[in-house]
Amino acid sequence: MGFNDALIGLALVIFAIAEIAYSATFPSLHGQAYGPSLFPTIIGCGLIACGLVLIFRGLRARSQHARLAQSTQSESIESLDNPVWVQLGQWAHNPASRVNMLLVPVLLVAYILLSDSIGFIPLSVAILTVLLFRLGSSLLSSLLIAIVVTLVLQLLFAKVLLVPLPSGLLLPWLG
Amino acid sequence: MLASAIFGLFVGSIPGLTATMAAALLIPFTFFMDPVPAIAAIVTTVAMAIFAGDIPGALLRIPGTPASAAYCDEAYAMTRKGKVATALGVSLVCAAIGGVFGSAILAMTAPVLAEFAIKFSSYEYFWLACLGLSCAVVVSTGSTLKGLVSLLIGLFISTIGIDITAGHPRFAFGNPEMMGGISFIPAMIGMFAISEVLRFIAAPHKQESIPQQPIKNVFRGLGGIISTYKLNVMRGGVIGAVVGILPGAGSDIAAWIAYAMSKRFSKNRDKFGSGHVEGLVDAGTANNAGLAGAWVPALVFGIPGDSITAIVIGVLYMKGMNPGPTVFMQQPELIHAVFIVFFLANLALLPLGFIAIRLSRTILLVPRHVLIPIILMFCVVGSFAINNTVFGISVMLIMGILAYLMEENGFPVAPTILGIVLGTMLEDNFMSSMIKADGQFTEFFSRPIAAVLGVLVILIWTLPLLRFLLSSIRGEKTRFTN
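Residue numbers (the numbering used here), protein chains in the order written: chain A, 2 to 176; chain B, 19 to 500.
The set of hints was computed from the structure by calculation and includes no laboratory data. The structure displayed is predicted, hence computed values, not measured ones. Some hints here could point you the wrong way.
Some chain A residues judged to face chain B by a derived CB distance under 8 Å, without partners named [what the hints assert, rightly or not]:
1. Ala25
2. Phe27
3. Gly47
Computed Cβ-Cβ distance ranges for the label pairs, DEER-style [as the list claims (entries may be wrong)]:
4. A:Pro165 / B:Asp446: 28 to 34 Å
5. B:Ile476 / A:Pro123: 57 to 63 Å
6. A:Gln65 / B:Gln348: 56 to 62 Å
7. A:Pro106 / B:Pro350: 45 to 51 Å
8. B:His354 / A:Asp117: 26 to 32 Å
All C-beta atoms, glycine included, are put in the ideal place defined by N, C-alpha and C.
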């Protein structure tokens with residue numbers, strides 16, 4: 002997913018201003034001109050400078066692109082900077098891969114929210130099955146691979162490395 | 019070590035899975051090991067992965083890791099000429115030679131530098147951190163401006179959490195886990211593994227068909243090639259090690275530079291690109307030598323030479339060891355162990371790499387659309403394991419999406435990693451220097467080494483600016499005369 006440099010620059014500038022404003026609330030060490038807010042402020046100023054240059058470059062790329070498009074009428078103008086505001090990747094044109102792309106963050110957020118109550122094993126099997134199936138395995142083999150991988154992970158991390166993976170619903174059986 | 023070797027070969031030879039990702043996936047395990055086996059595992063994995071990246075490069079024209087990208091076309095051209103066995107043999111032997119060469123440089127320079135570095139005070143460290151960060155921006159792939167933005171993002175992330183001088187929580191928004199700071203292991207897993215997962219899902223590759231060519235007698239005729247090009251081997255090794263030592267530039271950049279040098283100084287320049295073995299020798303040596311080179315600044319100063327050593331430094335910190343000259347004094351056995359591991363790993367590359375070449379066809383048949391979800395789940399468990407909280411998974415997800423978006427827009431990721439790792443060191447040393455100097459910034463130039471380093475940093479930043487100004491002035495002049 003490509004953005005025009007100007008948009009990225011704008012986002013950086015807004016972020017940096019908010020960051021500096023927030024840093025200004027930090028207490029300073031008494032008797033010293035610098036404190037916890039010094040570094041965030043320097044970083045923020047740097048980001049603002051870079052953001053402004055990016056905005057300039059993005060706008061210039063756009064205007065150059067427009068001029069070239071007018072003069073040559075050709076559609077294939079190679080430009081290093083992205084002349085369009087937002088250029089969606091290939092995945093956005095295909096509904097199946099669009100769903101897949103959203104699926105990864107959605108599944109991970111689901112895991113983050115639910116792992117304590119539902120537990121690692123059921124969630125892992127579910128996440129793996131869904132993803133494997135969406136990426137082109139058959140339903141049965143997805144389920145089988147998911148179960149095997151989950152058990153291996155459970156064995157490896159919970160039994161060998163002693164990571165307390167959440168038991169959740171299976172607590173009575175896993176102890 | 020054997021297990022991590024096999025793991026490394028496997029990950030490296032699968033296109034799209036990089037050596038850095040292999041290291042990131044390994045961290046959860048190293049977390050539960052002693053320092054030496056942990057380092058051994060990472061070194062072996064990465065050395066294997068960098069070589070194994072050549073295999074799909076030669077067979078499919080898809081580099082398995084970015085470090086193989088420089089000469090992937092060359093190797094594939096050799097395959098088309100029916101010389102696949104020679105191509106893989108050369109890259110295997112050169113990888114081993116390069117690795118040993120780099121290890122030798124590491125073993126020779128690191129202790130000397132450490133003796134020198136023991137006298138460093140917070141001023142020198144502040145400038146060193148600056149130097150490392152500046153190099154990371156200047157040598158990073160893509161535009162310098164975007165490299166700088168990437169660095170600033172990394173530095174910002176490093177400021178999250180309790181501040182060191184005043185103990186004030188910054189950007190934590192009252193969240194106790196944020197106050198502890200962004201632990202960088204989940205951050206690395208996110209930036210290197212999750213972003214790859216996303217990239218695969220965004221553009222699924224078809225499984226490629228593999229050329230049906232027998233790969234036999236991998237080692238035949240190699241003696242002749244190596245002795246014809248022994249100068250190239252040396253040059254590749256030196257370039258690799260030097261580029262590796264520069265912070266922010268790793269094996270991939272070493273391979274590109276070595277390949278370009280090889281082409282420029284070659285007698286048969288026109289043969290390059292048509293399946294000529296010379297560039298393969300140079301670049302194949304350079305990328306493995308770069309791996310060891312990157313450890314020099316990491317061990318001596320605690321400044322990572324590339325993203326892999328950034329991970330290593332993270333692992334060492336977790337184990338309560340602060341890489342730096344004191345480690346050389348207090349735990350010399352650890353440093354020696356690292357050297358030995360490097361030599362062993364690169365020697366073990368020969369037999370193991372040979373087996374990997376023989377098995378390459380089977381490895382390449384592993385369907386990636388099955389691997390990707392498994393890797394994802396692995397990352398989830400790995401990020402969880404560091405602190406046993408889901409906070410790690412959130413960090414991983416956010417950093418993964420950030421890294422994906424950054425790379426899609428031409429922002430290099432390596433400076434961010436260095437920013438996260440070095441940010442604390444930079445601020446720490448700056449603050450303690452300032453307190454020592456009573457707010458006088460000139461004190462930063464009062465010690466000779468500090469002054470030299472400081473001037474170097476300033477030069478790195480002003481030279482490109484000056485050149486830019488000069489060329490634009492010259493441009494104005496020519497426009498006037500025309």
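For each hint, the structure was consulted:
no., hint, result
1, Ala25, "12 Å, violated"
2, Phe27, "5 Å, holds"
3, Gly47, "5 Å, holds"
4, A:Pro165 / B:Asp446: 28 to 34 Å, "33 Å, holds"
5, B:Ile476 / A:Pro123: 57 to 63 Å, "58 Å, holds"
6, A:Gln65 / B:Gln348: 56 to 62 Å, "59 Å, holds"
7, A:Pro106 / B:Pro350: 45 to 51 Å, "47 Å, holds"
8, B:His354 / A:Asp117: 26 to 32 Å, "45 Å, violated"
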